Amino acid sequence: MTGPLYMQGVFGFQASLLVAVAIGFLFGFVLERAGFGDSRVLTSIFYFRDMRVLRVMFSAMVTCAVGIVVLKWAGLFDYTMMLDYSLLQTYLWPQLVGGILFGLGFVIGGYCPGTAVVGVASGKLDSVVFLGGMTVGIWVFAAGFPLWGSFYKSSALGRISLPQIFGLPMEVVTAAVVVMALAAFWLAGLGEKWAPYDK
Amino acid sequence: MRQEVEYVQGFWNPYVAGIALGLVLLLTFYLMGAGLGASGAVARTAAVVAHGVAPQAVEHNGYFSEFYKAGAKNPLTNWIVFEVIGVFLGGIVAVLTARRFRPGVGKGPHASTGLRLSLALGGGVLAGIGTRFALGCTSGQALSGGATLAVGSWVFMMAVFGAAFGAAYFVRREWS
Numbered sequence: 001m002t003g004p005l006y007m008q009g010v011f012g013f014q015a016s017l018l019v020a021v022a023i024g025f026l027f028g029f030v031l032e033r034a035g036f037g038d039s040r041v042l043t044s045i046f047y048f049r050d051m052r053v054l055r056v057m058f059s060a061m062v063t064c065a066v067g068i069v070v071l072k073w074a075g076l077f078d079y080t081m082m083l084d085y086s087l088l089q090t091y092l093w094p095q096l097v098g099g100i101l102f103g104l105g106f107v108i109g110g111y112c113p114g115t116a117v118v119g120v121a122s123g124k125l126d127s128v129v130f131l132g133g134m135t136v137g138i139w140v141f142a143a144g145f146p147l148w149g150s151f152y153k154s155s156a157l158g159r160i161s162l163p164q165i166f167g168l169p170m171e172v173v174t175a176a177v178v179v180m181a182l183a184a185f186w187l188a189g190l191g192e193k194w195a196p197y198d199k
Numbered sequence: 001m002r003q004e005v006e007y008v009q010g011f012w013n014p015y016v017a018g019i020a021l022g023l024v025l026l027l028t029f030y031l032m033g034a035g036l037g038a039s040g041a042v043a044r045t046a047a048v049v050a051h052g053v054a055p056q057a058v059e060h061n062g063y064f065s066e067f068y069k070a071g072a073k074n075p076l077t078n079w080i081v082f083e084v085i086g087v088f089l090g091g092i093v094a095v096l097t098a099r100r101f102r103p104g105v106g107k108g109p110h111a112s113t114g115l116r117l118s119l120a121l122g123g124g125v126l127a128g129i130g131t132r133f134a135l136g137c138t139s140g141q142a143l144s145g146g147a148t149l150a151v152g153s154w155v156f157m158m159a160v161f162g163a164a165f166g167a168a169y170f171v172r173r174e175w176s
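Chains as they are written, first to last, in our numbering: chain A, 1 to 199; chain B, 1 to 176.
One or more hints might be untrue.
[Claimed, not checked] Taking CB as the label site, the calculated pair distances span:
{"id": "1", "chain 1": "B", "residue 1": "V53", "chain 2": "A", "residue 2": "K193", "range": "47 to 55 Å"}
{"id": "2", "chain 1": "A", "residue 1": "P146", "chain 2": "B", "residue 2": "V53", "range": "13 to 21 Å"}
{"id": "3", "chain 1": "B", "residue 1": "K69", "chain 2": "A", "residue 2": "T2", "range": "31 to 39 Å"}
{"id": "4", "chain 1": "A", "residue 1": "F13", "chain 2": "B", "residue 2": "H110", "range": "34 to 42 Å"}
{"id": "5", "chain 1": "A", "residue 1": "G12", "chain 2": "B", "residue 2": "K69", "range": "26 to 34 Å"}
{"id": "6", "chain 1": "B", "residue 1": "V53", "chain 2": "A", "residue 2": "G158", "range": "34 to 42 Å"}
{"id": "7", "chain 1": "B", "residue 1": "R173", "chain 2": "A", "residue 2": "G167", "range": "23 to 31 Å"}
{"id": "8", "chain 1": "A", "residue 1": "L147", "chain 2": "B", "residue 2": "L96", "range": "18 to 26 Å"}
{"id": "9", "chain 1": "B", "residue 1": "E66", "chain 2": "A", "residue 2": "F13", "range": "17 to 25 Å"}
[Claimed, not checked] Which stretches of chain A does chain B cover? Using the computed rule of at least three CB atoms under 8 Å from a CB of chain B, they are:
{"id": "10", "stretch": "3–15"}
{"id": "11", "stretch": "33–41"}
{"id": "12", "stretch": "58–65"}
{"id": "13", "stretch": "76–88"}
Honestly, the hints are just simulated from the structure, not real lab data. In this text, all values refer to a predicted model and were calculated from it rather than measured experimentally. A virtual CB, placed ideally from N, CA and C, is assigned to each residue, including glycine.
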């Protein structure tokens, strides 16, 4: 059957919530097995002690991106439908600023939201505190919305992909991401040997 | 060789874990047309908690009001909230089957618990604000948007890792 199944109307909203729990279960299981339930493992990347986060993230991204190309070629995935209706929309400046704030929160707080949930399942008190902090942060964002609401909606470029920006087929950009990942894996090994914080 | 510390033992090879994670993500796109996420569930929970205390203020708030439009479902009756419940269940099963449930605080060997927990709170606040501007986090933007080559997700990813590597020096005592 050609995906995305939900968008093609193969199953409805209530079934999608069951799918959500099942998908989430797999996601949480793999995150824990990857070691992502512990803030020490997650932040080791920023000190070049263990580049596990980079290896997992990049190989996951590449696996999925190549998988989408394969499904598209096999006629099992309506790529155009995703581009037109569900690709994440770009808000250039808010996403840059949000990324900087989030990056600071990640290295200071020790988690990102999904891994903090696995941290709670692992019994880590710091992940509970991190999630509490996130909740407060979201209240702060909502309280200050009159101040930054217009910035939040600014530089809206819509559902735009890298292949469209570069004017290249998505297969070519996917291949470039694969090459980039291989280079990153190589550099990760060099970074661990460098270990600038552990002289 | 670098000595392996106790807490990194028993995890999957990172490339195996990455491929497994990528297949879960691919399955999500095949089934739903959209990817994984996490921060949206925290935002919806934050909205519902605030609504319990001050319903009027939340329904008229410029940001939270999008969860409380007339005729809308409960903000928690949502795909991402159910997905995150699944993440918690999957995490518990993984932790228990690996016999890795160890209550405690993750921090550098020389950092105090008070320092670590204060920074977990402060970092959480920053991350929470960041996810709202960026419309997502590491799973929703970096991983899912990255794999589908969305432009804003790549901008987000570069900003996250640029800021985190840059700031790491200043909080090195927390993790050393």
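Exercise. Sort out which numbered hints this structure fails and list those numbers smallest first.
Key: 4, 5, 7, 8
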